[in-house]
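Novice: Below are the chains, spelled out letter by letter.
There are 4 protein chains.
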Amino acid sequence: MEKIKNIKDTSIEVLGECNIKSPLCSKKVNYLSPDERVIVYSRKEEFDYHLKTLGEIPMFEKAGPQEKIFFDPKETVCGIVTCGGLCPGLNDVIQAVSITALKLYKVKKVLGFMYGYKGISSKSKYPPIELTEDSVKDVGDLCGTILGTSRGPQDPDDMIDTLLQYGVNILFVIGGDGTLKGGMALANRIKERDLKISVIGIPKTIDNDICWTSRSFGFITAVGEARTAVNSAHAEARAAYNGVGIVKLMGRESGFIATHVTLASSNVNFCLIPEVDFELEGENGLLMQLEKRLLRKHHAVIVVAEGAGQKYFDKEKLGKDLSGNQKMGDIGLLLKEKIKEYLTKRGIDHTVKYIDPSYIIRNQLADPSDSEFCLVLGQNAVHAAMTGRTNMAVGIINEHFVYIPIKMMIGKKKQVREEGELWKTVIAVTGQ
Amino acid sequence: MEKIKNIKDTSIEVLGECNIKSPLCSKKVNYLSPDERVIVYSRKEEFDYHLKTLGEIPMFEKAGPQEKIFFDPKETVCGIVTCGGLCPGLNDVIQAVSITALKLYKVKKVLGFMYGYKGISSKSKYPPIELTEDSVKDVGDLCGTILGTSRGPQDPDDMIDTLLQYGVNILFVIGGDGTLKGGMALANRIKERDLKISVIGIPKTIDNDICWTSRSFGFITAVGEARTAVNSAHAEARAAYNGVGIVKLMGRESGFIATHVTLASSNVNFCLIPEVDFELEGENGLLMQLEKRLLRKHHAVIVVAEGAGQKYFDKEKLGKDLSGNQKMGDIGLLLKEKIKEYLTKRGIDHTVKYIDPSYIIRNQLADPSDSEFCLVLGQNAVHAAMTGRTNMAVGIINEHFVYIPIKMMIGKKKQVREEGELWKTVIAVTGQ
Amino acid sequence: MEKIKNIKDTSIEVLGECNIKSPLCSKKVNYLSPDERVIVYSRKEEFDYHLKTLGEIPMFEKAGPQEKIFFDPKETVCGIVTCGGLCPGLNDVIQAVSITALKLYKVKKVLGFMYGYKGISSKSKYPPIELTEDSVKDVGDLCGTILGTSRGPQDPDDMIDTLLQYGVNILFVIGGDGTLKGGMALANRIKERDLKISVIGIPKTIDNDICWTSRSFGFITAVGEARTAVNSAHAEARAAYNGVGIVKLMGRESGFIATHVTLASSNVNFCLIPEVDFELEGENGLLMQLEKRLLRKHHAVIVVAEGAGQKYFDKEKLGKDLSGNQKMGDIGLLLKEKIKEYLTKRGIDHTVKYIDPSYIIRNQLADPSDSEFCLVLGQNAVHAAMTGRTNMAVGIINEHFVYIPIKMMIGKKKQVREEGELWKTVIAVTGQ
Amino acid sequence: MEKIKNIKDTSIEVLGECNIKSPLCSKKVNYLSPDERVIVYSRKEEFDYHLKTLGEIPMFEKAGPQEKIFFDPKETVCGIVTCGGLCPGLNDVIQAVSITALKLYKVKKVLGFMYGYKGISSKSKYPPIELTEDSVKDVGDLCGTILGTSRGPQDPDDMIDTLLQYGVNILFVIGGDGTLKGGMALANRIKERDLKISVIGIPKTIDNDICWTSRSFGFITAVGEARTAVNSAHAEARAAYNGVGIVKLMGRESGFIATHVTLASSNVNFCLIPEVDFELEGENGLLMQLEKRLLRKHHAVIVVAEGAGQKYFDKEKLGKDLSGNQKMGDIGLLLKEKIKEYLTKRGIDHTVKYIDPSYIIRNQLADPSDSEFCLVLGQNAVHAAMTGRTNMAVGIINEHFVYIPIKMMIGKKKQVREEGELWKTVIAVTGQ
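Chains as they are written, first to last, in this note's numbering: chain Y, 2 to 433; chain S, 2 to 433; chain F, 2 to 433; chain G, 2 to 433.
To be clear, the hints were calculated from the coordinates, so they are not data collected in a lab.
Careful: at least some of the hints might be erroneous.
Copies of the same chain look alike in the list, so a pair counts if it works inside one copy or between any two.
Unchecked claim - DSSO-like cross-link-like pairs, simulated, lysine-lysine; straight-line CA separation at most 27 Å: (1) 293 - 339; (2) 408 - 182; (3) 182 - 337; (4) 321 - 346; (5) 104 - 69; (6) 328 - 341; (7) 45 - 197.
Quick caveat: nothing in here was measured; it's all calculated off a predicted structure.
Isolated chain Y (complex conformation) (with noise of 0.2 Å):
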């Protein structure tokens, strides 16, 4: 957690009573009382400090299985959708899901929905696939996702014919910011339209940057396959007299993967993140510091989040995407420009190389860690779904795994403090 917020009503919405026992073996699972909560600052001074503000302790819905259940399994239908880019472990959720389903709560039946939410559309013209026990067990070895997936929302009330007419009762969407904001979307439809089908998140973000959960999927195994990358850009820089590597990793409106990896790896000499402003000119603009660098170790390795320095470009000439979203500038490209440039004119002999191991990082297999992870994230997406919470999510803080309202999630990022401890780390480790 890097940032103290007022939090209000952290309070899960349910489609009705919970008045079916669960098929989970009793004598071998705990139940979870439907009061267990968890404490959201662990923290003295910000639990103080909202203890104060609030007049009570802002605390979450703990995750597990509950004795009682809402939806009865044999008439059940799960739905499972990803959305948006690929991010490891995408795999790994959608067997935990269709396993804890189907083996733990004999769910009639789980369906794959094709290219995200496009999939869910009337006009999809590729049909849902059914997973089995069979064909999700070795899905965790592939990378990418089994169902494919696609950009943007669809009409909620087009999407919920479609959830009507396979009969799902349950829909798992996997996805980020704009995936969530459609399922809320949907949530609030279905809603509306009296429907007794829940809608839980699941969320997917490769930067780490959706607030409320500490952690999220693939992000550890994405710093490390991003260290594999800083350290190639800086085996590069160390062989030239004078090299300089740049490695542009994901992150458009926060830096933790560049952060983390900057920690990983004791080769980072410059971190840039979107969340902190630097200059290039000037006395502590970046250039002169890389030259000073240059000047005593004759090498140096800069990391960069792809949202970083974005005021070194003009917003209209980069124009806007097909969402509507603002187009980004390729600042590692920009500073290996104004990097050659200022040494040239500097008389510096030199070699910059830039590395974008984008892609190759967000197509790795979950490492263990996120194997686990994935597993008991998707586990508890199942224990929620089946007590008819709806328009929720499920996150980890203090290292329990809670329900948070989806609403609390989206709209805005997690963002690394620039007064913070992990920044602080960051400017103690580099020297910047």
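Given chain Y, put chains S, F and G in place with the hints provided.
Specialist: Frame of chain Y, contents of chains S, F and G only:
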């Protein structure tokens, strides 16, 4: 955190008042107030229970840099020693401590004592080596420990004499339960002799079984490599008609590696740990359950922690090791034999393959998440030491690094609770 | 090639004349002339020796597609069977054979017989599975063999009956010495019964000890993973004062893995293989040499092939296995005990760590160079089969794939020559 | 070997007679007769063709230690220099040469010249570093080159002066075509000045495009990492409806990496290399073929070597680089744009992802098979040098290491033959 316990005094011993301004560049570092605390229990029921029982909320000191320090860097000599078995990340911690002390605090010198506590003994044949920024630069690329290691304690007074001889003001001891005990004895003796030498523990346990820290370095890397062994066992099992793969993993008293690899892999059918008793014979015994699994699927994988099933060995026959600890029987071999015997008796054609990957696991390089963990752990150990804290170790709880009195960490192992969520998740996944 | 031998008749048995035009698109494929040959000896002294002795230059048939084939694809059913121990690349070979037969030659069907030759027996409880382009698409991502495996021969006539029952015209047998013997017996019996079924061997030996092929699939991958184990042993050895790391590797009769890992790592001090006798005791014995090394460097790594030093075991006590082969003593354990005993007697404080990584090694995924090797190997096996060749196997010699009569490959193992370059290089590197 | 050529004089230049007994322990080493040769052509039709055309069988000198050497080890100083682009295994070669010279031949000293030929120039600001057994012990764990590198030649006389200044008798030059040319110029000038300095080339080409050696170090490792990128592209392609993944790989004049990764992966649908012309437009053009593939399978992977399709660029606009070489257009980007344009025009909804993994590929650690190759390569370079051979490089042909006059290796690149087996296998696998 698997267990609710009463905790009493979490305050940290100090050598004296902090009167020296920290050399960490003031503009760029957020100093921590010495009053910062981290709440131990974030789960509401545990929180409430402790509030009720103790009348207070248990908290640990939050780790981090402070504005005033105790030791004058230019007169400070740090010592580092690594003890006990190897573990991924040892060299990363050595690097983090050295670089933080030298580059951030600008201490006079860092010495590495060789081969564990033996190297601090006056009888040691190998003098300490000086660790410099250059000499530790690439040690993260080497597995093992560049300082060597050994087991067993040394006489505190003898060690103090060595520390005095080399002018060491701060000693970082990296090791497990026994090592921390040795560190406490040393700190206590230092206090009795009224010396101003700080002893800071950095808990090392590949089994993740040290109390009051939810994570220990190298553990996640170990689970990762254990998964490779499980996948091998699974391939062996699947390739044979009625193939059984057994993987024995570390864990004398605690089965965290075995449980987590079970969750990180989808291929484990039976997970056996020291904390949960099991029977070989009888209706619910392992052998009959295994037979059922084989008849259904024709292959099975068993993961067993080395401390599991010790009731099947004659302790007296096994004897004790040099440190006086009860020796353990090889449960992996015993399972192999019992299973072969049983299946042969039952007329079931079978193959049993037994894998013991322990030495390969503990000699992996730290994965990126462990590298980062080691870095911040090492930094916080130095922050603690420079303020004159002593007789304490660094841990992590609720996502925050904290300081913990050594005496709280030793003597008792953290264990997997049979009734806890972790084990229940294992049961759900394996169906055992 | 380690050894000079006389070779006589290298011609390949055929089922009949090739009258059918190959379906491989004529424009794009270079057909091989049936007269293409590969010279076995490229070293001048060997070449000259054979020319003089035999009066001719020994050559093998060059592998590759030919314009005319024997089997009519649309009536051809292929069978595949994998026998013996696991080896990296098995699934890659299965994939290559299946895809080549189905997609290039457009044969009617490919069947996978389950669990080795047992699966071709009439007593088999598990019918063959059909292999399709889709079903083998991703099998290269799985270790082990999707067809299962077993050891031991079956009655040729019984197997022929099964082949006839399923209409199999071509059987690919993937396995080692015993498997190839079984294949030859089968091909001979087929000939006696005047049937038109081709039997093509694909030599599988993780030890790389099959004659007349300079490389076998999986071997390079195996050496790679063996290096990981050696690095672990090295880290263990270096971390202890007078630490000794022992790695036992595959190699019952031939020490190729042990020798090559010694060359691929710079950390091996003693390499022991079945082909080169060694003594434990005496001036030049291992124990005294080890002591000298420890006194000089305080750590040592020993790599030992499982078949080395068998003279130290009582063969009668060990007995024979089910196939009637002499069982082997565990040379790794023996070394561990003898070394501990010796060093204790000599009053040298020490630690000995013993690693047996065999099952992990043989369950690696094929590395890219092995994947490519498996692909071309499998393709050439199909090219051979379609032309009605039989009773032969595919090998590689002087960088060309060739066809070799099975009878030349069996009965005798390729070995490391004590006087050869390979072993001399080992001696030079280890200084042993 | 892809190509049949005439070769004439393969004899190696020497500095003088070998009169000194080699210090390699005589008992343990098999000395090579100076008459040992390796036959270049092992394929019968090539062999016969050359015998007929040349009237003799072309042979190279076999590499290996000889009984008599030219240089007196105790007066010998070796120099090593690495030039050009990075490549996996550079540090392994440096290690092999250094250890062989120091430990086996016991030469006086080994010097590493820094940053390529620049470091041998009298204008160099960075003196050579001494390489010792200790300093090169662990360099195989580092990627890049510890000696640094640069491009371009230096004045031979100037370099000779530096060599004389440091008393260097033997210079090992590790580099590609340009570097070897520089080495030849140096050796020729040394001869003119009647000096006794040996220049030995160690061919380095990640593209494997140097003539007369069937393998160059780092190539197999490069193909391995290229496969990772191809798998990423495949996952991206498969996740999108009509997804296209493009991977640009090294290979300005020769497409060996592209072709071999196509064979090592089963996921490539189109492989484009400089040697084989292709069209974008028209019935058989890439665009229409790609469309067909998409309509059939909805995803496709294209692998393209950087030198392919250069006809689509305006050479004059591209200009020349500092060394006077024609600059190349970015064929990967061009393909991306052309494909997007075409598919958009055709009304096909699609996604194109472009990956350029070059810097990550060339900074991998050598895989074990390359490590061993580097070791033996380096050893043979030293064996050659010590006997006074000069103006030659070490290669491998028909599985034997050989000595080749530098003049034979330069000026012309080894290429994939459109009519050869390798390319035909690619065609068979991709169906392109």
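Novice: None of the hints should be skipped; say for each whether it holds.
Specialist: Each hint tested on the structure:
1. 293 - 339: Within one copy, since 16 Å is at most 27 Å while 43 Å is not.
2. 408 - 182: For residue 408 and residue 182, the Cα distance is within 27 Å only inside one copy (8 Å; across copies 50 Å).
3. 182 - 337: Classified as neither: same-chain Cα gap 37 Å, cross-chain 31 Å, threshold 27 Å.
4. 321 - 346: Between. Shortest inter-copy distance 21 Å satisfies the 27 Å Cα cut-off; intra-copy 35 Å does not.
5. 104 - 69: Within one copy, since 18 Å is at most 27 Å while 54 Å is not.
6. 328 - 341: both (25 Å within a copy, 18 Å between copies)
7. 45 - 197: neither (41 Å within a copy, 31 Å between copies)
Consistency note: the structure conflicts with the earlier hints numbered 3, 7.
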